[in-house]
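Q: Chains A and B are the protein sequences, given in the same order. So for the first sequence, UniProt numbering puts the first residue at 1; every next one is plus one. So for the second sequence, UniProt numbering puts the first residue at 1; every next one is plus one.
Rather than coming from a laboratory, the hints here were simulated on the basis of the structure. Certain hints may be false.
Put simply, identical chains are the same to the list, so a pair is met inside one copy or across any two.
Simulated pairs of lysine to any residue, SDA-like, Cα-Cα distance not exceeding 25 Å [to be verified]:
1. Lys196 - Leu144
2. Lys103 - Asn139
3. Lys23 - Glu161
4. Lys78 - Ser218
5. Lys196 - Ala2
6. Lys196 - Arg117
7. Lys24 - Val183
8. Lys141 - Phe80
9. Lys73 - Asp209
10. Lys141 - Phe25
Since we're looking at a predicted model, the values are computed, not measured.
Number of protein chains: 2
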Amino acid sequence: MATLFHNPLCPFSRKIRLIMGEKKFAADMVEERPWERRLDFLMLNPSGEVPVLEGEVGTIAGHYAISEWLEEKGGAAKLFPDSGLGRAEVRRLIAWFDDKFHKEVGSLIIHEKIDRRFMNHEQGGGTPDMENVRIGLHNLKIHLEYISYLLSQRDWLAGQELSLADITAAAHLSCLDYTGDVVWRDWPDAREWYAKLKSRPSFRSLLSDHLAGLRPASHYTDLDF
Amino acid sequence: MATLFHNPLCPFSRKIRLIMGEKKFAADMVEERPWERRLDFLMLNPSGEVPVLEGEVGTIAGHYAISEWLEEKGGAAKLFPDSGLGRAEVRRLIAWFDDKFHKEVGSLIIHEKIDRRFMNHEQGGGTPDMENVRIGLHNLKIHLEYISYLLSQRDWLAGQELSLADITAAAHLSCLDYTGDVVWRDWPDAREWYAKLKSRPSFRSLLSDHLAGLRPASHYTDLDF
């Protein structure tokens, strides 16, 4: 069986865990703290980043390589549409969340509120810089507005079918749902969309995450939040 | 004919221009300055980022969507190998340069030395912060060391064939070659590899770039640097 090296509140790891859930691709899960720069892990992925999938045939490093590899394997639960332009739209939105959302929102909030808790002083640990959190929360509203706009045009983010764009967006938002930073009542369309995703069996493993010393927000596991 | 909205010293735009050159995919070129946030361009790509490809059939936004779309079209000059693991290795290295190299090296140096020249005060323009440049130059050495290591194992970055990993790395390095920041004589293997890429016809359009008020380094167009 393959092994996935991941970190529980890393959105890129969560994206891969969701894809694996959708595709019923089983793997052993190993929790990695990238900031510890463990030598054996660096041998596996010189960039030192999660997720990494280690299989019998070889190692696949990084969410981009893993997600495209899992899709190319084919089988059930296709997460890309058939048309070339449709796939381009899915990939535009994947990049939106992996690059733009992560930079403007997720990395600020998660780094301050979560990662720095588990780091020692040399690794950059300490109490959260609330100014970064404040900027992230401000930007989060703009992204929820964009999600709401997309959902006013379409059933799912990239079109009429569930795709990797939805999975990616949900992976990023789920980290902020753990910390209780998404004010869902202000965004009814986004909430309804997220509720549909949260109810999928692929989401279960994410909902059972529980970080030592940091409980999830009270509604985190609630499917009717 | 399609239109590519690009910025001359944006590495992601350069990557797409190189792919188009390799695949002989012709397009009109329109120079866009993303920081001006031109309304018509934001309608085309709400993220406000280059590159964007506008064709007769629709719009494809972002280097990830465009590069995969161009590859999926098939035809000559395949830039991904046939094996799934081979493609995963190419994508690992694409992400290495697009994410890690760009964050640790390229964005620091190019933003300070180039972009800020063309920005007004409100857009963040001004004289370069040399501390950022210094950090970028320090990190550049680590990346050139990694490139040299890969080339000690393989003919090209991801294996025995030219791939999108080489194109991506060259696109990022070519920006720093314009500013004269790559000390090639210290990295003979990387230099030989880059010389092979620089001699390809697809590179010609990059070598003819000439920013107003900022001449390229003297060896920039020299194929025997």
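Q: A separate judgement is required for each hint: does it hold in the structure or not?
A: For each hint, the structure was consulted:
1. In the homo-oligomer, the alpha carbons of Lys196 and Leu144 lie at most 25 Å apart inside one protomer (16 Å), although the nearest pairing across protomers, at 46 Å, exceeds that limit.
2. Within a single copy, Lys103 and Asn139 get their C-alpha atoms as close as 10 Å, and across copies as close as 20 Å, so both meet the 25 Å cut-off.
3. For a Cα distance limit of 25 Å, the shortest separation of Lys23 from Glu161 inside one copy, 16 Å, qualifies, whereas the shortest one across copies, 31 Å, does not.
4. Taking CA atoms no more than 25 Å apart as the test, Lys78 paired with Ser218 passes in neither setting, with 33 Å inside one copy and 50 Å between copies.
5. Taking identical chains as interchangeable, the C-alpha atoms of Lys196 and Ala2 are never at most 25 Å apart, the minima being 29 Å within one chain and 38 Å between chains.
6. Proximity of Lys196 to Arg117 under the C-alpha cut-off of 25 Å is found in neither arrangement, the shortest distances being 31 Å within a copy and 47 Å between copies.
7. Neither within a single protomer nor between protomers do Lys24 and Val183 lie at most 25 Å apart by alpha-carbon distance, with minima of 31 Å and 49 Å respectively.
8. In this homomeric assembly, Lys141 and Phe80 never come within 25 Å of each other (Cα to Cα): the closest approach is 27 Å inside a single copy and 38 Å across copies.
9. In this assembly of identical chains, the alpha carbons of Lys73 and Asp209 never lie at most 25 Å apart, being 28 Å within a copy and 41 Å across copies at closest.
10. Within a single copy, Lys141 and Phe25 get their C-alpha atoms no closer than 34 Å, and across copies no closer than 39 Å, so neither meets the 25 Å cut-off.
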